[in-house]
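> Spelled out from the first residue to the last, the chains are:
Protein chains: 2
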Amino acid sequence: MAEASHKPVPLLKDELDIVIPTIRNLDFLEMWRPFFQPYHLIIVQDGDPNKVIKVPEGFDYELYNRNDINRILGPKASCISFKDSACRCFGYMVSKKKYIYTIDDDCFVAKDPSGKDINALEQHIKNLLTPSTPHFFNTLYDPYREGADFVRGYPFSLREGAPTAVSHGLWLNIPDYDAPTQLVKPRERNTRYVDAVLTIPKGTLFPMCGMNLAFDRELIGPAMYFGLMGDGQPIGRYDDMWAGWCIKVISDHLGLGVKTGLPYIWHSKASNPFVNLKKEYKGIFWQEEIIPFFQSATLSKDSTSVQQCYIELSKQVKEKLGPIDPYFTNLADAMVTWIEAWDELNTPSEAKSSKSANGVAAK
Amino acid sequence: MAEASHKPVPLLKDELDIVIPTIRNLDFLEMWRPFFQPYHLIIVQDGDPNKVIKVPEGFDYELYNRNDINRILGPKASCISFKDSACRCFGYMVSKKKYIYTIDDDCFVAKDPSGKDINALEQHIKNLLTPSTPHFFNTLYDPYREGADFVRGYPFSLREGAPTAVSHGLWLNIPDYDAPTQLVKPRERNTRYVDAVLTIPKGTLFPMCGMNLAFDRELIGPAMYFGLMGDGQPIGRYDDMWAGWCIKVISDHLGLGVKTGLPYIWHSKASNPFVNLKKEYKGIFWQEEIIPFFQSATLSKDSTSVQQCYIELSKQVKEKLGPIDPYFTNLADAMVTWIEAWDELNTPSEAKSSKSANGVAAK
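Protein sequence lines, in the order shown, are assigned to chains A and B.
For the first sequence, this note's numbering begins at 1279 and goes up steadily by one.
For the second sequence, this note's numbering begins at 1279 and goes up steadily by one.
Each hint should be verified, as a subset may be incorrect.
Stated by the list, open to error - Here are the simulated EDC-like cross-link-like pairs (lysine to aspartate or glutamate), alpha carbons at most 16 Å apart as the crow flies: (1) A:1376 x A:1292; (2) B:1463 x A:1292; (3) B:1389 x B:1326; (4) A:1463 x B:1424; (5) B:1375 x B:1293.
In case anyone wonders, no lab produced these hints; they're calculated from the structure.
If you're wondering where the values come from, they're calculated on a predicted model, not measured in any experiment.
Could you put together the complete structure from these sequences and hints?
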């Protein structure tokens, strides 16, 4: 059953963290209460660390502001963006769970065509717990969904599928457009509910949006780095795109699957297109070189872990994208720092000490 | 507007032929009358040529039986299958139009979720007349549809898309399952209407079903050969699959797009799974080698026309698949014969004489 449900069973209750980057009080959680309350939240506070972020009563959470990030990571905190929602990836790093769901604080519960509230998290979990089909396209979409299967001509040897690393959800109402499209089509709204989940085929890149995204930390976590954006950086709004290109190349290399489609959330407010244009404009022309780079990137057989893949990719970024702008040299270095920090917080021997070094663990 | 409509405008009225393979009276056309009557039909009669096929009044059609095929193609008629719906590709060859829509005679008009009859042909035409996006995945599906666009992060240089060669439509009610799946799930029905059209990315193969299929003859016609199936052949039910693998490899090579999704037709009756198993069983294990062959097939830069690509592919089939079974050597030869016959009927100087040699051109 891929349909929305009013009575969510808290699947993976103790194995999943919800990561939310924010600069404001988290009133939006009220609407998500029936679905999120059983889970642990990791809130990454961006901007002024002295501001107090209010979290509605009854949620189980830990909150990190910039001071916490600096204290926990020391000099390696340089790899975590500031004044940009890219800071959310710090939450991925400090989580001790197998799965992550991340959502923006301007995203609300959407309704399916029958008028039922969509339990986005439940659908993401279903997406992650069923295999993907990256090696051959199934024309009836997700073959593991109830009432569906593989169609005639689908090779039987591929029907076990591949482990799913990432589940990319979509948005009703405000579509995730770039600044030029926002400017040209200020009134366009996404009202179409496409009742499908599909695997992005191997070798194909896609624009991954961080608004409504779930992934398996154990399978792909160390590649889910949102790059250098915001304060002191020449671009913004490419944090999730960067992560999307990297996770796709690495998932393809490691034989993992990436799904997109259901679930939808309700994206309430378009961000300012003029501000966005300023953040994006370098990315808009850089991506014309970045995407061919990722499309042709190959990793060596020796890279068998996500970390090894990511380090190898960082070297290729430095070599091939460095000539575009010094930014990419810095980014390649930050990719290495990110992996070092990830391993520091996530290796078993370090786990205890890092846990005690954690920030505000409130309830 | 990609939605179904009750008042179809006969788009491409003089540029599209509807090809129907059949062994029985075409009563199913009654239901399609509002949508098909403005168009010309090419009926390919399979089986006993002495049987008279009744076509409902008021349709404009030409009909070819086996005697006609033998007379028109002479010894080259060997490339056209007998006692198998693969014979339909003869209709693609004798058409003089730019576009083809082919449909099975057990397919009826489906309804969209609002209860409206779906004009499948109109949607196929829209799919063919708008570009495809084979080089990068758009997460909101077809960006050329009204109310949709390219999402943030989609490279601007790719937004013109690629010409669309093929539009693959789907089926409500009886899904297109292979015999083993039919046997295991005899009661499974497809009731899910997925409101999307999407491009199969470059480098990805898919199982193309011939039940509800449209294509641009000028762009891809000579590759739309349905192979050797049925009478005297060791397999059946792989005719459309074979064509699908070939057209996808060639479309990828030539920079053309292949779409799948809308429109749906209502597939009324499951074929007999025991009969199907007999037809399919060799294909089921052969495809485990055929698909890797097509996945790794590359064509030389010198092959710039569909015909050149197809001849090059036939040589690779002979060399790489021939060792599996003598069938593939015959098939490779038939691929060459098909191209020779195609060119004979479709080169301008030959067009007149072939036209006068046509079969029963009734109205």
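> State the violated hints by number, sorted upward, taking the hints as numbered earlier in the document.
2, 3
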